[in-house]
Amino acid sequence: MSNPLSRKSWSPYLVGIAIGILSWFAFWSANHPLGITTAFEHTAALIFQAVYPPIVETNSYFDAESPKIGWEWMVVLGVFLGSLLSTLSSGDVERIKVPQMWKDRFGSSVALRFTVAALSGGVMMFGARLAQGCTSGHGISGNLQLAASSWLFSVTFFGAAVVTAFLCYGRTRHV
Amino acid sequence: MFDPIWKLLLGLFTGIIFGILLQKGRVAKFRVIVSQFLFRDWTVVKIMGTAVVVGAMGIYALLPAGLVSLHIKPLVWLGVIAGGVLFGVGMALFGYCPGTSVAACGEGRRDAMVGVGGMLLGAAVYVWFYPQIQSVITMWGSAGKLTLPEWTDVSPWLWITGLTLVAIVAVLWSNRRRMPSLGTDPLAGQQHPT
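Order-wise, the sequence lines are chains A and B. Letter by letter, the first sequence follows residues 4 to 178 of the numbering used here. Letter by letter, the second sequence follows residues 138 to 331 of the numbering used here.
Be aware that one or more of the hints could be misleading.
List of simulated lysine-lysine pairs, DSBU-like, C-alpha gap at most 30 Å [what the hints assert, rightly or not]:
1) A:Lys106 <-> A:Lys11
2) B:Lys144 <-> A:Lys71
3) A:Lys106 <-> B:Lys144
Label pairs and their calculated CB-CB ranges [stated by the list, open to error]:
4) A:Gly94 <-> B:Met276: 46 to 56 Å
5) A:Ala67 <-> B:Asp290: 29 to 39 Å
6) A:Ser111 <-> B:Gly278: 29 to 39 Å
7) A:Ile58 <-> B:Ser272: 26 to 36 Å
8) A:Ser111 <-> B:Trp294: 26 to 36 Å
9) B:Ser311 <-> A:Val96: 41 to 51 Å
10) B:Gly299 <-> A:Glu60: 42 to 52 Å
11) A:Trp31 <-> B:Gly278: 55 to 65 Å
12) A:Phe109 <-> B:Trp277: 29 to 39 Å
13) A:Phe109 <-> B:Ile142: 39 to 49 Å
14) B:Val182 <-> A:Thr118: 28 to 38 Å
15) B:Trp288 <-> A:Phe169: 37 to 47 Å
16) A:Phe169 <-> B:Ile142: 44 to 54 Å
Hints are computed from structural coordinates only; laboratory data are not their basis. Yeah, the Cβ is synthetic: ideal placement off N, Cα and C, and Gly gets one too.
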């Protein structure tokens with residue numbers, strides 16, 4: 004058998020089981036649920052702290068939270084490195100600016116795609132912080148703990164995403 | 138400002154495994170994410186559903202032994218609902234979620250790299266307006282760190298058994314015309330490109 008890393012994809016069930024086991028490991032080894040967006044929040048707070056120190060006195064965020072480069076920050080860095088490793092070993096490189104599906108619907112303008120990517124990425128992150136979690140923190144870690152907040156978040160975000168996707172792509176039939 | 142070095146390395150290791158799994162699971166791809174919301178590709182639900190069922194079994198099995206503790210996010214009604222709506226709309230337009238966008242950067246996807254920059258801005262807006270946001274999202278109150286077993290006053294294992302049965306039925310249903318291939322090669326995912 005060839006090296007599994009050189010495969011372009013694995014069974015979604017195998018990946019799901021492995022992420023489930025990885026979450027046991029995260030809870031057991033670091034006493035932390037797997038999550039991504041807290042690291043972004045802490046990074047933004049650290050940048051504010053560095054460029055505009057008075058914010059620490061005036062913004063109650065810094066009373067409630069102590070932003071740091073910690074376990075969660077390294078998880079995000081690790082996700083990038085792990086994906087890079089997986090991509091390079093399988094040749095599944097996608098150096099694209101505009102995904103094909105987007106191009107078919109909205110045209111090949113790089114400026115449009117980049118603008119929407121930046122804005123929608125920002126809206127997504129803002130929503131994640133309002134709800135205190137994302138597809139990892141709520142969708143996987145929270146749901147597996149049977150947290151009521153996470154199940155409500157998951158149903159809500161999935162519903163909103165389905166409506167948005169059908170409004171944007173519902174008419175394209177060639178996929 | 139920094140966690141101890143062992144904890145940083147532990148996070149890095151955990152993240153690398155997570156990143157490999159997200160990339161091999163094909164969820165770092167715009168088309169796979171958006172097609173899930175159009176009900177044309179069930180990869181996202183398969184991965185998240187399996188992870189939740191397997192994860193729940195382990196965490197609730199380790200809990201009585203004191204090897205893990207729960208980290209439940211409070212059910213702040215307006216925060217969770219408004220956050221969920223914004224998150225869903227943003228994710229459908231962006232075509233990646235926070236974790237998979239970082240993994241998509243590893244694949245070289247330029248639009249994901251731009252979006253990750255936007256995500257940092259979104260986080261900055263949240264931090265800057267934190268005091269005002271807190272007073273708004275708590276307007277509808279909070280149910281606290283509530284779990285489904287607490288809410289329904291039953292054993293967590295009843296919920297886990299129920300979820301497992303739902304997952305098994307869903308897998309059998311989705312494979313009803315492809316039974317011979319089920320389980321023969323766990324490393325073979327769908328091969329169609331993005």
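Going through the hints against the structure:
1. A:Lys106 <-> A:Lys11: Answer holds: Lys106 (chain A) to Lys11 (chain A) is near 24 Å, not above 30 Å.
2. B:Lys144 <-> A:Lys71: 13 Å, holds
3. A:Lys106 <-> B:Lys144: 42 Å, violated
4. A:Gly94 <-> B:Met276: 46 to 56 Å: 51 Å, holds
5. A:Ala67 <-> B:Asp290: 29 to 39 Å: 31 Å, holds
6. A:Ser111 <-> B:Gly278: 29 to 39 Å: 48 Å Cβ-Cβ, so the 29 to 39 Å window is violated.
7. A:Ile58 <-> B:Ser272: 26 to 36 Å: Check failed, 18 Å falls outside 26 to 36 Å.
8. A:Ser111 <-> B:Trp294: 26 to 36 Å: 53 Å, violated
9. B:Ser311 <-> A:Val96: 41 to 51 Å: 30 Å, violated
10. B:Gly299 <-> A:Glu60: 42 to 52 Å: About 50 Å separates the Cβ atoms of Gly299 (chain B) and Glu60 (chain A), which means 42 to 52 Å holds.
11. A:Trp31 <-> B:Gly278: 55 to 65 Å: With a Cβ separation near 34 Å, Trp31 (chain A) and Gly278 (chain B) fall outside 55 to 65 Å, so the hint is violated.
12. A:Phe109 <-> B:Trp277: 29 to 39 Å: 36 Å, holds
13. A:Phe109 <-> B:Ile142: 39 to 49 Å: At 46 Å between Cβs, range holds.
14. B:Val182 <-> A:Thr118: 28 to 38 Å: 30 Å, holds
15. B:Trp288 <-> A:Phe169: 37 to 47 Å: This hint is violated: roughly 31 Å between Cβ atoms.
16. A:Phe169 <-> B:Ile142: 44 to 54 Å: 48 Å, holds
Hints 3, 6, 7, 8, 9, 11 and 15 from the earlier list are contradicted by this structure; the remaining hints agree with it.
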